[in-house]
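> With these hints in hand, go ahead and build the complete structure from the sequences.
Residues -5 to 203 in the working numbering are what the sequence shown lists, from first letter to last.
Be a bit skeptical, because a hint or two may be false.
Distance condition first, Cα-Cα at most 25 Å in a straight line; then the derived BS3-like pairs of lysine-lysine [what the hints assert, rightly or not]:
id: 1; residue 1: 45; residue 2: 75
id: 2; residue 1: 98; residue 2: 50
id: 3; residue 1: 75; residue 2: 50
id: 4; residue 1: 75; residue 2: 98
id: 5; residue 1: 98; residue 2: 45
Here are the in silico distance ranges between beta carbons for each label pair [claimed, not checked]:
id: 6; residue 1: 99; residue 2: 16; range: 31 to 37 Å
id: 7; residue 1: 25; residue 2: 125; range: 30 to 36 Å
id: 8; residue 1: 23; residue 2: 158; range: 38 to 44 Å
id: 9; residue 1: 11; residue 2: 58; range: 29 to 35 Å
id: 10; residue 1: 129; residue 2: 14; range: 19 to 25 Å
id: 11; residue 1: 103; residue 2: 19; range: 17 to 23 Å
id: 12; residue 1: 103; residue 2: 36; range: 15 to 21 Å
To be clear, the hints were calculated from the coordinates, so they are not data collected in a lab.
Every residue, glycine too, gets a C-beta built ideally from N, C-alpha and C.
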Amino acid sequence: YIIDKPLAIRGTMEGYIATAADTITFTAANITNGWRGIRFDNTPDTNDTSKIVFYKLQYGKATGSDPYDCGGVLYFNNFSKEIISNCRISNGNANGNGAGIYCKGCSPSISNNTIVNNQALLNGGGIYCENSGAVITNNIISGNSANCCVASSGGGIYSQSCTSNFAITYNTISNNCIANILKRIRFPKNSLFQRSTNKITNLRIDGSS
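As structure tokens, this is what we get:
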């Protein structure tokens, strides 16, 4: 699929079924201009779970005023019935937060993905989570960047005020834009991670740029 507009989901993603042998690619007609990503914005909670599985999602671009400057490739706001698995999420851009994946007020399952080469001008180059119970498991998160002039920007993952269910396990996070873990994975002082109520385990961190 070659797209130049946002794909706003009010139902589910059931019409886009992919497998390991037959992936689905969403990309931009013009990679400089990008496309506006897949957006779940206050999608009704009565909907079934949307499964984004075996997708290649690339060159999403979030521009304009809030909230359209957030979530370059995937945008989730106040809808938690999402599974993102076995996808390649790459080359996304956001003028705000979350160039690869943006999660606010929701709790998606994010597992077994490759999240690479995404760039946010503010926070969360790879993944941005706010008031979220996302479970982030067994992903490769590499080569992403955020506002590298600011130590708290979170090139790989940025977390803010997340719930006790929020978890990061068995991921490999490497070569994102800031040198150390607390900069690459940012948990501000007011976040629940500072009170040791969340889980961050079995994490491999190496490399920096």
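> Hint by hint, say whether it matches the structure.
Each hint tested on the structure:
Distance restraint check for residue 45 and residue 75: the Cα-Cα separation of roughly 8 Å lies within the 25 Å cut-off, and the hinted pair is therefore satisfied. Between residue 98 and residue 50 the CA atoms are separated by roughly 23 Å; this keeps the pair inside 25 Å, and the hint holds. A hinted pair counts as satisfied when its Cα atoms are at most 25 Å apart, and residue 75 with residue 50 qualifies at roughly 20 Å. Straight-line distance between C-alpha atoms of residue 75 and residue 98 comes to about 13 Å, which keeps the hinted pair within the 25 Å bound.
Taking the CA atoms of residue 98 and residue 45, the gap is near 18 Å; set against the 25 Å cutoff, the hint holds. Our hint of 31 to 37 Å for residue 99 and residue 16 holds, since their Cβ atoms are close to 33 Å apart. Range check, residue 25 to residue 125: Cβ separation about 32 Å, and the 30 to 36 Å hint holds. One distance hint, 38 to 44 Å for the beta-carbon pair residue 23 and residue 158, holds here, with the actual separation near 42 Å.
Here the CB-CB span from residue 11 to residue 58 is close to 31 Å, well matched to the stated 29 to 35 Å. Checked against the given bound of 19 to 25 Å, the beta carbons of residue 129 and residue 14, roughly 22 Å apart, stay inside it. In this structure the hint that residue 103 and residue 19 lie 17 to 23 Å apart at CB holds, the actual value being about 22 Å. Restraint check, residue 103 to residue 36: a C-beta distance of roughly 20 Å satisfies the suggested window 15 to 21 Å.
The structure fails none of the hints (numbered hints given earlier).
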